[in-house]
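Trainee: One letter stands for each residue in the lines below.
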Amino acid sequence: MNAVPELDPGLLAMVEANAWTFGPNATALRVLGLTLRERVAPEDFWEPLLAGCPRMAPLGYWLEAHRTGGVPVEKLAGDFLRREALMVGYLDRLLDKAERVLVAGHDRELEQLWQIDGGWREYRHLLLDGAPNVPPPGEGCDLIKGGPRIGAPFTFRELERALDWAEALVLSGFILHRQNLLGPPQLRPLLLSARDQVDRVLLTTTNERRLTLGEGAPREYREDFRPYLWQQSVTHLVSEWHDGRDGTQLGWLPLPAEILAGQLGETLAPAAR
Amino acid sequence: METALVLIVVMLATLAIAWLPARKEAVALVAVAVLLSVGHLHGFFPADKAFASISLPVLLILLSIGIFATVFAESGAFERACRFIAIAARGRQRVLVPGFLLLTYLLSSLLPNLTCLYVLLPVMLGSLRAVGMGDQALKQTLVALVIASNLGGASTMIGDFPNILISRSQGIPFMDFIAWMMPACVLLLGVLYLLIWRGNGGRREAPPVALGLLTEMLRQQSRHLRVDLRLFLPACGTFLLLLAGLIFTGWNPFPPELVCLGAACLCIWLLPEPEKWATKVDVASALFIACLFLFAGGIQATGVLNRLAGFVIELCAGDPRLLSAALIVLAAGLTAGFSAGPTTAVLIPIAETLKDQLPGHLEWWALSLGVLAGSSTTLLSATAGPIAANLLKRQTGLELSYGDFLRLGLRSGVWFTLGAIAYVWARLRFG
Chain B
1 MNAVPELDPG
11 LLAMVEANAW
21 TFGPNATALR
31 VLGLTLRERV
41 APEDFWEPLL
51 AGCPRMAPLG
61 YWLEAHRTGG
71 VPVEKLAGDF
81 LRREALMVGY
91 LDRLLDKAER
101 VLVAGHDREL
111 EQLWQIDGGW
121 REYRHLLLDG
131 APNVPPPGEG
141 CDLIKGGPRI
151 GAPFTFRELE
161 RALDWAEALV
171 LSGFILHRQN
181 LLGPPQLRPL
191 LLSARDQVDR
201 VLLTTTNERR
211 LTLGEGAPRE
221 YREDFRPYLW
231 QQSVTHLVSE
241 WHDGRDGTQL
251 GWLPLPAEIL
261 AGQLGETLAP
271 AAR
Chain L
1 METALVLIVV
11 MLATLAIAWL
21 PARKEAVALV
31 AVAVLLSVGH
41 LHGFFPADKA
51 FASISLPVLL
61 ILLSIGIFAT
71 VFAESGAFER
81 ACRFIAIAAR
91 GRQRVLVPGF
101 LLLTYLLSSL
111 LPNLTCLYVL
121 LPVMLGSLRA
131 VGMGDQALKQ
141 TLVALVIASN
151 LGGASTMIGD
161 FPNILISRSQ
171 GIPFMDFIAW
181 MMPACVLLLG
191 VLYLLIWRGN
201 GGRREAPPVA
211 LGLLTEMLRQ
221 QSRHLRVDLR
231 LFLPACGTFL
241 LLLAGLIFTG
251 WNPFPPELVC
261 LGAACLCIWL
271 LPEPEKWATK
281 VDVASALFIA
291 CLFLFAGGIQ
301 ATGVLNRLAG
311 FVIELCAGDP
321 RLLSAALIVL
331 AAGLTAGFSA
341 GPTTAVLIPI
351 AETLKDQLPG
361 HLEWWALSLG
371 VLAGSSTTLL
381 SATAGPIAAN
391 LLKRQTGLEL
401 SYGDFLRLGL
411 RSGVWFTLGA
421 IAYVWARLRF
431 G
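Residue numbers (this note's numbering), protein chains in the order written: chain B, 1 to 273; chain L, 1 to 431.
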């Protein structure tokens, strides 16, 4: 294994900005690939990255998998991509009847969703506001700019109009991460209004996280994955929000039997088994 | 009395513009109001004569080129080019720095350098910072990028205000600028690179993992932040049309300002939402340039410039080499103190007086090279300096002081002045 030198703060800032703009999973996968190519030890490389780039939470999750789960680094990317593909397929089924889907946040799994979609469904982004002097996450990114099935994005000011338009709302898991600071000011009105106006609110999450709202730290390595259905929890979630940040633990969607039975493969689902 | 008054107003205004670049239009307007009032009351610069000194062709060229710069910048093409260089260099500073200098030079030679710097610097600074470039080296590289943009601007007829002014006041064609100015500027770009390389004492490259991480992050950006072809293609097509129109000026019936205006209008018409782009015309810059014309007109009306020109000719005894060197040194010195725009506007009448003493358009090349040398010397001698300093502060928190700029700027100014004199003398000798 090659030694890892100290990383420059400017470089860490760029990695963190990429995680903000393109999503943590997409960015972490690139780091994972580089780790393999450069033959460096993940402990040496990822720990300083995690310390300097808090949004790179997937690396923390994978590091746990490597350390405590004994998963070789070479298998992590394959596992992730397989879980992602399964989740996206499942998400597609859950969105089956929706023709107009509003998307908040962005990451790799949404890009995969556009690719498997049959073409009749239309997506539009809700551009969340960033911190002062920070552009909204994903602004300018091709995923959001528009395309054959991706309509012009709504800004957060157009929230009501966006929800009137939408039949379903998909939240990318990364927007809940504590580093993204998209807590009460934006999530509260978003969820409160979504409860009444759209048929389904789904949260995509490819990694197991402690999903108390506002927290997003990787906690333990579990080989399962599921989209969350928030429809039942929205009221509770919003009303219980307070400074202590112990909001609501949201419920898993039950995994379909055929996925449990066949598709997870050998490296997946100790928890599911 | 009149001369002293006009000179004091113009000097105070140019100093204030240099110190407060963000308010340059307001300062220039106040100074012009004073100048016009004094000139009209004393009768040496009546209003009708004053307004006749504003060159509409120059304003039209500036506005037209400005539209192209805005469209290219918003299309994402500049950032794309910048990332392409950084990825191709794989983050190595010894490739990255000259690559960025060359890109800045090339883009600034065709489009206004301020727009180029606004768009390029954030990506360039981010990349240089990410590969571990230290504070001092980063500041010096930033200064070098500003100077490279000045060099680019000086290379062509449409790159910067001084050359547009010279070209339109004398009717010098586009290709003459390329033939005369571009070789000099390319040579000076090489001098600049040597200066910055020696100044930073070579470079310590970042370790391979860090370079690999930078390249990965830039690749990710390149994948998702694509060039908006709906903007880029019409702008590119019409800009090529503009260049063709300028290159073949003698073969078409239209003067350069009409070629530029026509191409800009066609570009706007071809863009999505043309009405939005039509409102993005840089009126503030046009207003500022108009004020510079009035400054120059006011000074010329006092007759002081003719006296200064007569003095220079007498001092140099009509020797073309001494005259050209004197003009270069005078332009460099004045520009270093009062910035490029006002100096060029003021020195044009002097250069015109030297027309009969120098062969070809030598007086204009000497003036342009002198202004280039002066504008590269201090933080305030070109508008690009303060703007680059602001971008550096915003992105990295580093302050670029007057002294920081001067460290490389003074050496560049001196070498550029000497290089310009040597170049002009060589062209005088060998054609």
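In short, the hints are calculated from the structure, not lab data. Hints are supplied without guarantee of correctness; some may be wrong.
[Claimed, not checked] Partial pick of chain L residues on the chain B-facing surface, computed with a CB cut under 10 Å:
{"no.": "1", "residue": "A130"}
{"no.": "2", "residue": "M133"}
{"no.": "3", "residue": "A137"}
{"no.": "4", "residue": "P173"}
{"no.": "5", "residue": "P183"}
{"no.": "6", "residue": "Q220"}
Every residue gets a Cβ at the ideal spot worked out from N, C-alpha and C, and that includes glycine.
Trainee: Now tell me, hint by hint, if it's right for this structure.
Mentor: Results of checking the hints against the structure:
At about 4 Å, the closest approach between the beta carbon of L/A130 and any beta carbon in chain B falls short of 10 Å, and the interface hint on this residue holds. Annotation: L/M133 was flagged as interfacial toward chain B, and the flag holds, the nearest CB pair being 8 Å apart, inside 10 Å. Annotation: interface hint on L/A137 violated; nearest CB of chain B at approximately 12 Å, more than 10 Å. Against a cut-off of 10 Å between C-beta atoms, the interface hint on L/P173 is violated, since the closest Cβ of chain B lies about 40 Å away.
Residue-level restraint check for L/P183 is violated (minimum Cβ-Cβ distance to chain B is 37 Å; threshold 10 Å). Taken as an interface hint, L/Q220 checks out: its beta carbon lies about 6 Å from the nearest beta carbon of chain B, inside 10 Å.
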